[in-house]
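**Q** Just so you know, we're using the working numbering here: the sequence shown kicks off at 374 and counts up by one.
By construction, these hints were calculated from the structure, which means they are not laboratory data.
It is possible that part of the hints are untrue.
[To be verified] The calculated lysine to any residue pairs, modelled on SDA-like cross-linking and capped at a C-alpha distance of 25 Å, are:
id	residue 1	residue 2
1	LYS562	PRO609
2	LYS530	ARG437
3	LYS562	ALA513
4	LYS562	ARG426
5	LYS530	ARG426
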Amino acid sequence: MPRILFVKTSSLGDVVHNCPAVSDIARALPDAIIDWVVEESFAEVATLHPSVRRVIPVAIRRWRGELFSSDTWAEFARFRAALRSERYDAVIDSQGLMKSALVAVQALGLKHGYDRSSAREPFAARFYDALHSVPVTLHAVERNRQLAAASLGYVPKACGYGLRAGAEAPIQVRSPFALLLTMTSREDKLWPEEHWRALGVALEARGIHCLLPWGDGDEKRRCARIATAIRGAVVPRRMSLSELANLARHAHCVVGVDTGISHLAAALDVPVVGIYCGSDPALTGLYGGKWVRNLGAAGRPPAVAEVLEVLGALA
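Using the sequences and the hints, build the whole thing.
**A** In structure tokens form, the structure reads like this:
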């Protein structure tokens, strides 16, 4: 019964991209026990995978801003105790950053990670016991899968995220509905508000209602501005990640910019169109087989007509 610990702390999209590696292990090693260290704000995603036994939350982002607080160090001590409460046969750092390597080295067990030519931060490779070469030209999902397979000695087969969303939507909503994910952390990744309005009007004309979820006050105001031009559009209450996953699972389709929730939707086998304005989808774009399409690239945002055409083919 091999015991395996994943270290993949953030961001939301990266955490979602790690889920197929968990599915691979569960398929190749059915008796494996899989635990996962993940940033506290994204821990809900790891709990959606039925093959993850224990989620160990870490608060690196919060601790960085409170380094001189005694509460921070007490909390870190509790985290370290939880991390070292058992020994693992393999500790796999699939993030390849210094911050993740410094977490992995605290755990008990053989540490696996990317070699210097494969890691996102080459110096992280100094902290691993076993180094693995994985092409940097692969999509992030496949890099995670290959690292896990090399660490544990199996050949990965068909890719699957394995996430389980709830059986019912968390809010009452008219069907069919489209989930419009307009928010992202970077200004250059935003799609113009007038494009969202035009898209929403076109979807409503097709009988597809529009929901615009949000995460903070600025995002809520942006969603409200867009929704005013779309008849029947709804800006719902703020929802947790698991609630958003449940909502996405019941959507007729999802359209989203390069944001973690878009990646989460792509993992749930619903039609998703990713809109790329400030980044290139080749290595970290939405990844989900026949139901997922990426449009645009850095400096080349897609037109509304392109999005509608692809949606018509997908959904």
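**Q** Report the numbers of all earlier hints that the structure fails to satisfy, in ascending order.
**A** 2 and 4
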